[in-house]
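In case you want the letters, here they are:
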Amino acid sequence: MGGGHGPVTPGVSAGTEASARLVALPGKVPLIKLSYRPPNYETPLKYFNDVLTPNDAFFVRFHLAVIPEVDVATWKLSVGGDALTSAAEYTLDELKNGFEQVEIVAVNQCSGNRRGLAQPHVPGIQWGYGAMGNARWKGVRLKDVLDKAGVKKEALEVSFDGADHALIGQTPDFVKSLPIWRALDENTLLAWDMNGEVLPHWNGYPLRLVVPGWTGTYWVKLLTTIDVRSEPFGGFWMNPAYRLPKGKFALVDRFTSQAMETNTPITEMVVNSLITNPVDGASVAASKPLEVKGIAWDAGFGMQTVDVSVDGGQSWRPAALGEDLGRFSFRPWSYQFVPVAGRHVVMVKATNRLGQSQPREPIPNPAGYHHNPVQTISIDAA
Amino acid sequence: MRALMLLAALLIAAPAAAGEQDIVLKEGQGRDLVAANCQICHSLDYIEINSPFLDQKQWEGTVTKMIERYGAPIDPANVPAIVTYLSTNYGSQGTP
Chain L
2 MGGGHGPVTP GVSAGTEASA RLVALPGKVP LIKLSYRPPN YETPLKYFND VLTPNDAFFV
62 RFHLAVIPEV DVATWKLSVG GDALTSAAEY TLDELKNGFE QVEIVAVNQC SGNRRGLAQP
122 HVPGIQWGYG AMGNARWKGV RLKDVLDKAG VKKEALEVSF DGADHALIGQ TPDFVKSLPI
182 WRALDENTLL AWDMNGEVLP HWNGYPLRLV VPGWTGTYWV KLLTTIDVRS EPFGGFWMNP
242 AYRLPKGKFA LVDRFTSQAM ETNTPITEMV VNSLITNPVD GASVAASKPL EVKGIAWDAG
302 FGMQTVDVSV DGGQSWRPAA LGEDLGRFSF RPWSYQFVPV AGRHVVMVKA TNRLGQSQPR
362 EPIPNPAGYH HNPVQTISID AA
Chain P
1373 MRALMLLAAL LIAAPAAAGE QDIVLKEGQG RDLVAANCQI CHSLDYIEIN SPFLDQKQWE
1433 GTVTKMIERY GAPIDPANVP AIVTYLSTNY GSQGTP
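In the order they appear, the protein sequences are chains L and P.
When we follow our numbering, the leftmost residue of the first sequence carries the number 2, and every step to the right adds one.
When we follow our numbering, the leftmost residue of the second sequence carries the number 1373, and every step to the right adds one.
For the record, the hints were derived by calculation from the structure and aren't laboratory data.
For clarity, every value in this text was computed on a predicted model and none was experimentally measured.
Don't take each hint at face value.
[Unchecked claim] Keeping only pairs whose Cα atoms sit at most 20 Å apart, straight-line, the calculated SDA-like set for lysine to any residue is:
id	chain 1	residue 1	chain 2	residue 2
1	P	K1437	L	L65
2	P	K1429	L	P121
3	P	K1437	L	T172
4	L	K97	L	V67
5	P	K1437	L	W238
6	P	K1398	L	R22
7	P	K1437	L	N264
8	P	K1398	L	A19
9	P	K1437	L	D174
10	P	K1437	L	R22
11	P	K1429	L	P124
12	P	K1437	L	F63
13	P	K1429	L	G16
14	P	K1437	L	H64
15	P	K1398	L	P121
16	P	K1437	L	P367
17	P	K1437	L	A242
18	L	K154	L	G16
19	P	K1429	P	I1446
20	P	K1437	L	H166
21	P	K1437	L	A368
22	P	K1437	L	V123
23	P	K1437	L	A15
24	P	K1437	L	V176
25	P	K1437	L	G170
26	P	K1437	L	L78
27	P	K1429	L	A368
28	P	K1429	L	V123
29	P	K1437	L	F237
30	P	K1437	L	N366
31	P	K1437	L	P241
32	P	K1437	L	I169
33	P	K1437	L	G236
Next up, chain L with everything else stripped away, as it sits in the complex (with noise of 0.2 Å):
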């Protein structure tokens, strides 16, 4: 809170901050509202203090308004498409039953969170710092039932189909397709538990896909059906959705079966920081030590230094990495300093094992995609 902003990230529209406000959604505690229906309700910043976001802050981002409640009596999973040998079907339990039971803590990041930060504002959800988290997925990997139904030479393509759908037929139903290798990735997971619990309804309950170091609009929510396919699966979520202007970032995983010309879609996250504490605006203890923490993540390459710099970004020094729960998790990092009276403006960059790092200014991108920049805050020491 403070700071006259409300809830919300400062930065935000003033649209953004006239409108958000924090609702409880049931079984959540209060979140940033961002919208009603289709439910988008993003973390507040406090809740990054911990590694592990607990699952009833974690984010909420839905396309569709129809969100059923699933019966697990009822429901099933279905395994099929053009390019899979025999098709099946799996109730929850001859999944938990059936194949090798894995865990791994992992990101779960919007494709656009922080969209709200950017300059000038592009419209879609107005995403300050939260539409992400962090938690311990478990589950089963894609491989192994995929590979149990008998993937053909010629698969190409998978596609992930939820039960959540639209109040009209004539909205596009938000189906996801990965390219063959990263749906056979030994990370990839349908997953069933979080953090230890099963996974909350607004979180895709019963099963969600888990995909590691890719952004959060592959990890379709209360799974149904997947399909292997031959040939490129075309849905309105996969083109012109989730696009990104080719050539602007330096990403590694490439989705060739889905490149135009022009654009490719989004793939893995960005190497990213965040200050969870203090927070912007802040006053605190001058002559004092003061730590600053936050959390750092990328696409799975692994931190490779956290610095910090406490005089606007004229010097930098490493921050202290904190607890490793795996290259997909965030990790934490603190740095202590002892400020002196007046005002201090704090920065932090993250860079990873592949030597990327944070710009200093986001790279425009039409949907607002990536939000990266490396991060500042100012407090004031008295």
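Put chain P on the given structure of chain L with help from the hints.
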């Protein structure tokens, strides 16, 4: 007839989410038309948060996207009035 079709569309829609009925769009010509059409598919806070930074042309593009990409059942005859209300009250060149 148009009003009846609109009413039918509203009736088949799922009930509004708790809380969204408290959203009050700014007073102005075309407000009821905008409210009736836009909330067939989504709550009206979508308009509020996407303000005030789109100009008339961008609001027109947004309304067109809703019709062409998302299948919004908006009568083409109502589009100019909807765009005028949005750009006047929620646009970068609006006066309020």
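Do the hints match the structure? See the list:
no.	hint	in the structure
1	P:K1437 with L:L65	holds (15 Å)
2	P:K1429 with L:P121	holds (15 Å)
3	P:K1437 with L:T172	holds (11 Å)
4	L:K97 with L:V67	violated (27 Å)
5	P:K1437 with L:W238	holds (14 Å)
6	P:K1398 with L:R22	holds (18 Å)
7	P:K1437 with L:N264	holds (19 Å)
8	P:K1398 with L:A19	holds (13 Å)
9	P:K1437 with L:D174	holds (16 Å)
10	P:K1437 with L:R22	violated (27 Å)
11	P:K1429 with L:P124	holds (13 Å)
12	P:K1437 with L:F63	holds (18 Å)
13	P:K1429 with L:G16	holds (19 Å)
14	P:K1437 with L:H64	holds (15 Å)
15	P:K1398 with L:P121	violated (23 Å)
16	P:K1437 with L:P367	holds (14 Å)
17	P:K1437 with L:A242	holds (12 Å)
18	L:K154 with L:G16	violated (51 Å)
19	P:K1429 with P:I1446	holds (18 Å)
20	P:K1437 with L:H166	holds (18 Å)
21	P:K1437 with L:A368	holds (14 Å)
22	P:K1437 with L:V123	holds (14 Å)
23	P:K1437 with L:A15	violated (23 Å)
24	P:K1437 with L:V176	holds (19 Å)
25	P:K1437 with L:G170	holds (16 Å)
26	P:K1437 with L:L78	violated (33 Å)
27	P:K1429 with L:A368	holds (17 Å)
28	P:K1429 with L:V123	holds (14 Å)
29	P:K1437 with L:F237	holds (12 Å)
30	P:K1437 with L:N366	holds (18 Å)
31	P:K1437 with L:P241	holds (11 Å)
32	P:K1437 with L:I169	holds (15 Å)
33	P:K1437 with L:G236	holds (16 Å)
Of the hints listed earlier, those the structure fails to meet are numbers 4, 10, 15, 18, 23, 26, in rising order.
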